[in-house]
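Asks: With the hints as constraints, model all of the structure from the sequences given.
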Amino acid sequence: MAKDDKQKSFLEQLGESQVWKSIIRSGVPRTRRQRMHAILGSVFLHLHPARLPKHAVKVGYTWCMGGLSFFLFVLLTITGILLMFYYRPTVEYAYTDIIDLTEQVPLGMMRELHRWAAHAMVLIVWLHMLRVFMTGSYKPPREFNWGVGVLLMTMTLFLSFTGYLLPWDQLAIWAVTVGTNMARAHPFIGHEGPGASLLAIGDINLVHMGSDVRFALLGGRFVGEATLLRFYVLHCIAVPFIMMIFLAIHFWRIRKDGGISGPL
Amino acid sequence: MSEDKKIPAASVGSSSDSPFKSSSMERRGFFKWLSLGWLAFAGATGGFFTVMIRFLFPNVLFEPPQTFKIGFPDDYSTNAVDISYKKQFNVWVVRDDETIFALSTTCTHLGCTPNWLQTEGKFKCPCHGSGFRMTGINFEGPAPRPLERYKVSIANDGRILVDKTKSFKWEKGEWENPESYLTV
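From first to last, the protein sequence lines stand for chains V and E.
Using our numbering, read the first sequence as starting at 95 and increasing by one per residue.
Using our numbering, read the second sequence as starting at 12 and increasing by one per residue.
For the record, the hints were derived by calculation from the structure and aren't laboratory data.
The beta carbon of each residue, even a glycine, is placed where N, CA and C say it ideally should be.
Don't take each hint at face value.
[Said to hold, decoys possible] If we take Cβ atoms under 7 Å as the criterion, some of the chain V residues that face chain E in the derived model are:
hint, residue
1, 264
2, 268
3, 272
4, 275
5, 277
6, 314
[To be verified] Just some of the chain E residues that point at chain V, by a computed CB distance under 8 Å:
hint, residue
7, 59
8, 62
9, 67
10, 73
11, 74
12, 76
13, 121
14, 122
15, 123
16, 138
Replies: See below:
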C-alpha cells in the first residue's frame, strides 16, 4: 500500500490508537526487539518462546504431537462444556440424555466430537511420549518435564476412564466395575491388597470393603448412583482443573529447558 | 523499628557493633512467632487435607443393607440354586443335600456378575467366560479362585439371616467354618 507522510494507513492509525496500546501494550512491532516484547507482553503468548529455532517447525522431527494433544484438550474442554448443558449425571437420566444428545440435540455432533477427540487424545498423547522417547528429549535438562508429562498422560487416561462411565450403558458400568476392582489390590489402602490385613486393631480390620480406596472412588461398595456423580465431578471439574496447572508447567518448562529439542 | 536505628545498608552484618545486636531478643522473639505461625499454618493445612480425605467416605449409603433375611430353610428345594436375591442383594442361595449357603455373585476374575445356567448346571460369567460349579468352585475360564460365601445363620424368627460383611474363601479353608453354611 502506497503511503505518504501526511496520510497514515488505517492499520497504522489503529496501531497507534490508545485502544490498541491498552490491549496489546506495545505499538505495532517493527523491530525484532519490539516483536519480542509483543510476545512477552501477552498472557496467551508469553508461555511460548519469543522466537523459534528453525528446527522447531520440522514436522518430521516433532510430529506436532504436543501441539495436537493441546489442541484436542481445548476441543474437548469446549465440547465438554457444551455437553454439560444437556447431560444430567443421574441413574434415571444419564443414558437417555446421551441418546438425546446424539439424536435430538441440534447437529447431534458435539457428543461425537467429544468422544472421537477423546479417543484421539489418548492415542496422540502416547505417540507424543513415543516421539519424546525416540528423540532422547527426556534427557537432562528436560528430565523434570518428562516427569510432568507422565503425570499429564496419567491424567489423560484417568479422564478417559471417568468419561467412559458417563453414558451409563452396560459397557460403561461393567468396564468401570472391572477397572475399579483393580483398586482393591492396592497395597495397604485396598482391602485385598498386600499389607491391608496388617492395618487392624485386634479383630477389627481398618481397611475393608467399606473403607478402602475403591470405596472412596466409587462412593459405595459397587458402581452405582454415587459413582456416576463422583466420576462426573472428577471428569468435568477436578481432573481438568489439576491438568491445566500441569499443562502450564509443562509448556513453561519446555521454554525454560532450552526450547523445543532439535536434531543433534 | 524506630527512626533513629537507621544505618547504612553496607554495614549490616559486617560490623560487630551493629545496632541490630541490641535487638537480638526481638529477633529471637520474631523467629519464635514465625515458627509458631508456620507450625499453625502447616497444622491447619494438614488438618484440612485430613478433612478432605474423610469427606470422600460417606457415612450413609443408599445401597441395599449388608445384612438381610431370605426366608425359611424349607423354602429352598434340594440341589437347586435360588436366583431371586441376585438382583437386589448380589447373592445366590444354594441348597445341596446337607447344607444351605449364600454365594457371592461377584466373579473372582474381575468382578462381573455371572449367570446361573440351569440346563448346564453352572455359573457362567459373560465378561470373560469363567465357569463355576453349583458349589462355587471354578472349573473353566480365567477365574483364579472359587466364588466367596457369606455368613448365614438362623434368626430368632426362624428365617435365614445373611451377613455380607463376613465372607468365607475356599482357598483359605474357610468353607469348613460352620458360620459359612446351615445344616438342614
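Asks: Take the hints in turn and mark each one as holding or not.
Replies: How the hints compare with the structure:
The interface hint given for residue 264 of chain V is broken, as the beta carbon of that residue sits about 10 Å from the closest beta carbon of chain E, more than 7 Å. Contact between residue 268 of chain V and chain E, as hinted, is supported at the beta carbon level, the nearest pair being about 6 Å apart and thus within 7 Å. Hint on residue 272 of chain V holds. Least Cβ distance to chain E is approximately 4 Å, under the 7 Å limit. Hint status for residue 275 of chain V: holds, given a least beta-carbon distance of 4 Å to chain E, under 7 Å.
Residue-level restraint check for residue 277 of chain V is violated (minimum Cβ-Cβ distance to chain E is 11 Å; threshold 7 Å). With a least beta-carbon distance of about 5 Å to chain E, the hint placing residue 314 of chain V at the interface is held under the 7 Å criterion. The criterion of a C-beta within 8 Å of any C-beta in chain V is not met by residue 59 of chain E, whose closest approach is roughly 16 Å, and the hint is violated. With 8 Å as the threshold, the beta carbon of residue 62 of chain E stays out of range of chain V, its nearest partner Cβ sitting at about 14 Å, so the hint is violated.
Satisfaction of the interface hint for residue 67 of chain E is found here, the shortest Cβ-Cβ separation to chain V being roughly 4 Å, below the 8 Å cut-off. Evaluation of the residue 73 of chain E hint against chain V yields a held restraint, the C-beta minimum of about 7 Å falling below 8 Å. Interface hint status for residue 74 of chain E: upheld, as the beta-carbon distance to the closest one in chain V is roughly 6 Å, under 8 Å. With a least beta-carbon distance of about 11 Å to chain V, the hint placing residue 76 of chain E at the interface is violated under the 8 Å criterion.
Hint status for residue 121 of chain E relative to chain V: holds, with the closest Cβ pair at about 4 Å, below 8 Å. For residue 122 of chain E, the shortest C-beta to C-beta distance to chain V is roughly 4 Å, which falls under 8 Å, so the interface hint holds. For residue 123 of chain E, the suggested interface contact is upheld, since its CB lies about 6 Å from the closest CB of chain V, less than 8 Å. Against a cut-off of 8 Å between C-beta atoms, the interface hint on residue 138 of chain E holds, since the closest Cβ of chain V lies about 6 Å away.
In this structure, the hints that do not hold are numbers 1, 5, 7, 8, 12, in rising order.
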